[in-house]
Amino acid sequence: MEHGTIFNIQKFSVNDGPGIRTVVFFKGCPLRCGWCANPESQRVQPQLLWNEKRCRRCGQCVQRANGAIRFVGDTMRIDHAAIADANAMAQACPGRALSVEGKDQTVEDVMAVVRQDMAFYEESGGGMTLSGGEILAQPAFALALLKAAKHEGIDTCVETTGFGKASDFQSLLAYTDHVFIDYKHVDLQAHKRGTGQTNEVIEANLRYALASKKPVVVRIPVIPGFNDSLDDARAIASRLKELGATQVQLLPFHQFGENKYASLTKDYAFAGIDALREEDLMPYQEILIQNGLDAFF
142 MEHGTIFNIQ KFSVNDGPGI RTVVFFKGCP LRCGWCANPE SQRVQPQLLW NEKRCRRCGQ
202 CVQRANGAIR FVGDTMRIDH AAIADANAMA QACPGRALSV EGKDQTVEDV MAVVRQDMAF
262 YEESGGGMTL SGGEILAQPA FALALLKAAK HEGIDTCVET TGFGKASDFQ SLLAYTDHVF
322 IDYKHVDLQA HKRGTGQTNE VIEANLRYAL ASKKPVVVRI PVIPGFNDSL DDARAIASRL
382 KELGATQVQL LPFHQFGENK YASLTKDYAF AGIDALREED LMPYQEILIQ NGLDAFF
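Using my numbering, read the sequence shown as starting at 142 and increasing by one per residue.
Hints may contain errors.
Restricting the straight-line Cα-Cα distance to at most 20 Å, the calculated cross-link-like pairs of lysine to any residue (SDA-like) are [what the hints assert, rightly or not]: (1) Lys382 <-> Ser308; (2) Lys355 <-> Ser308; (3) Lys288 <-> Ala238; (4) Lys152 <-> Ser308; (5) Lys291 <-> Val248; (6) Lys244 <-> Met259; (7) Lys407 <-> Phe397; (8) Lys382 <-> Arg360; (9) Lys401 <-> Val241; (10) Lys291 <-> Asp157; (11) Lys407 <-> Ala238; (12) Lys354 <-> Gly385.
These aren't lab readings, by the way, just hints derived from the structure by calculation. This one's a predicted model, so the numbers in the text were calculated from it and none came from an experiment.
Please build the complete structure, drawing on both the sequences and the hints.
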């Protein structure tokens, strides 16, 4: 049976598609957005999290990790790619300061949780949503889950960056009822500076999704210093209209994921930057509306 790595299953969500939904969060993402609210989702493999308050600084992890863990002053640094067995490392920590994010699951493991709320889906028009991370980082697992849900009559939704092979994206779309896809920047090099990748693949997949006539919502995470200017809004509006988008959701920059970077012993590029509020983005929204887009928060 197909299996994959997930880092959370969230029940009773009302923000990830129509109705009440169960959201399955995949680990793994090819993008490296500096503002990412789920940095623990970027690596496909399970990885260690560090709880600074529980840490005794006993050094046992340093000795066991063969250079993959070190301390810089009182702050731990973890080379996640060099940790051979995250679970064994966490279990060996005497203060339980290390835990593991990410778990291998089969399709049946996930569907057993999804089925628990069938009554809520039927009453609200909800269902299962696949999110991430990026589902296209584990396309076979995502496809198997979508097929299993459709076989049982469960409504399906995907939340994606759109960065993945066209063939994988198209296969997933065939079993998807609703699509939420990010669009971050028009300029190729600006997109690469902000996310680590250019946007040609994303635009091609977005164009395909919009042409499929399935319900598609384009999400724009509005990020200070990256794509928050009114010139950015005009450029994005023009491109989205050209691609055939009609519905656009604005996602104001927030700091909900800031503490996760410390747990991963990673630096956070947006530390200290003020969150945006909906009222800050009213002029941005108005530009999208003036261009014929149904723009909302």
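Here is what the structure says about each hint:
Simply put, Lys382 and Ser308 have alpha-carbon atoms about 24 Å apart, too far for the 20 Å limit, and the pair is violated. Under the criterion of a C-alpha separation no larger than 20 Å, the hint pairing Lys355 with Ser308 is consistent with the structure, at around 17 Å. Taking the CA atoms of Lys288 and Ala238, the gap is about 39 Å. The hint is violated against a cut of 20 Å. In summary, the hint linking Lys152 to Ser308 is not supported, as the alpha carbons are separated by about 30 Å, beyond the 20 Å threshold.
Annotation: proposed proximity of Lys291 to Val248 holds, straight-line Cα distance about 13 Å (limit 20 Å). Under the criterion of a C-alpha separation no larger than 20 Å, the hint pairing Lys244 with Met259 is inconsistent with the structure, at around 24 Å. Note on Lys407 and Phe397: the hinted pairing holds, with a Cα-Cα distance of about 16 Å set against a maximum of 20 Å. Taken as a hint, the Lys382 and Arg360 pair is honoured in the structure, with Cα atoms around 14 Å apart against an allowance of 20 Å.
Among the hinted pairs, Lys401 with Val241 is consistent with the structure: their alpha-carbon atoms are about 13 Å apart, no more than 20 Å. Under the criterion of a C-alpha separation no larger than 20 Å, the hint pairing Lys291 with Asp157 is consistent with the structure, at around 18 Å. At roughly 16 Å between alpha-carbon atoms, Lys407 and Ala238 fall within 20 Å of each other, so this suggested pair holds. A hinted pair counts as satisfied when its Cα atoms are at most 20 Å apart, and Lys354 with Gly385 qualifies at roughly 10 Å.
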